[in-house]
Amino acid sequence: EAAVTQSPRNKVTVTGGNVTLSCRQTNSHNYMYWYRQDTGHGLRLIHYSYGAGNLQIGDVPDGYKATRTTQEDFFLLLELASPSQTSLYFCASSDRISNERLFFGHGTKLSVL
Amino acid sequence: AQKVTQTQTSISVVEKTTVTMDCVYETRDSSYFLFWYKQTASGEIVFLIRQDSYKKENATVGHYSLNFQKPKSSIGLIITATQIEDSAVYFCAMREGNNRIFFGDGTQLVVKP
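Residue numbers (this note's numbering), protein chains in the order written: chain A, 2 to 114; chain B, 34 to 146.
Derived from the structure by calculation, the hints contain no laboratory data. Since we're looking at a predicted model, the values are computed, not measured. Take the hints with a grain of salt, since some may be wrong.
Claimed, not checked - Covered stretches of chain B (chain A as the covering partner; in silico rule of three or more C-beta atoms under 8 Å from a C-beta of chain A):
no. : stretch
1   : 56-70
2   : 93-106
3   : 134-140
Backbone N, C-alpha and C fix where the C-beta goes; we use that ideal spot for every residue, glycine too.
Given these sequences and hints, build the entire structure.
See the structure below:
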């Protein structure tokens, strides 16, 4: 079974603070995704990547940077966090070998005070 | 415009009955994938079932099946013989050719004894 690990599980920061959310997958998947989940909005795509060094812009990218350092690791960066970025963040991976289905991490709950 | 639309916010059924959840999507791609995921009370998101756009046969996995109506851009999820543990939020998702994956806002299913 594919494994996607997110860290930290919970994070509290202040407005203007820097935050890095980490995601690691151990299944050699090419594609990795960052989503945010807010009440009433389902899952919204922030950024995604199809390999180390690649970054694709999602639907709600403002205020977020991301970097894929290796095939396994995908980071989401909030350089000047704002209260509007308080949310539940999910990382996921997929590939053709997994029939295109997404494997999700357990999520990171971020609060920006 | 939203790419994936789930109009049913919440559905309540009695256990052992059949429930259908609606989903419509919008795409210009000729080839795409459609998925249903389930988010449990603990927040975990798991894959349920998938439909390839080029396949006419409706996908079936266990007590989950799909009602794929391509001309209507519709992919309904049918759960037969519902159980209490089916209570969750169900998300419809679409993967386009550029590997972007869009989610609907979800449908809350409550299965009562």
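Verification of the hints:
1. 56-70: With 3 residues in contact (Cβ-Cβ under 8 Å with chain A), the coverage given for the stretch 56-70 of chain B holds.
2. 93-106: Contact hint for the stretch 93-106 of chain B vs chain A: violated, 0 residues under 8 Å.
3. 134-140: holds (count 6)
Comparing the model with each numbered hint stated earlier shows that hint 2 is the single one that does not hold.
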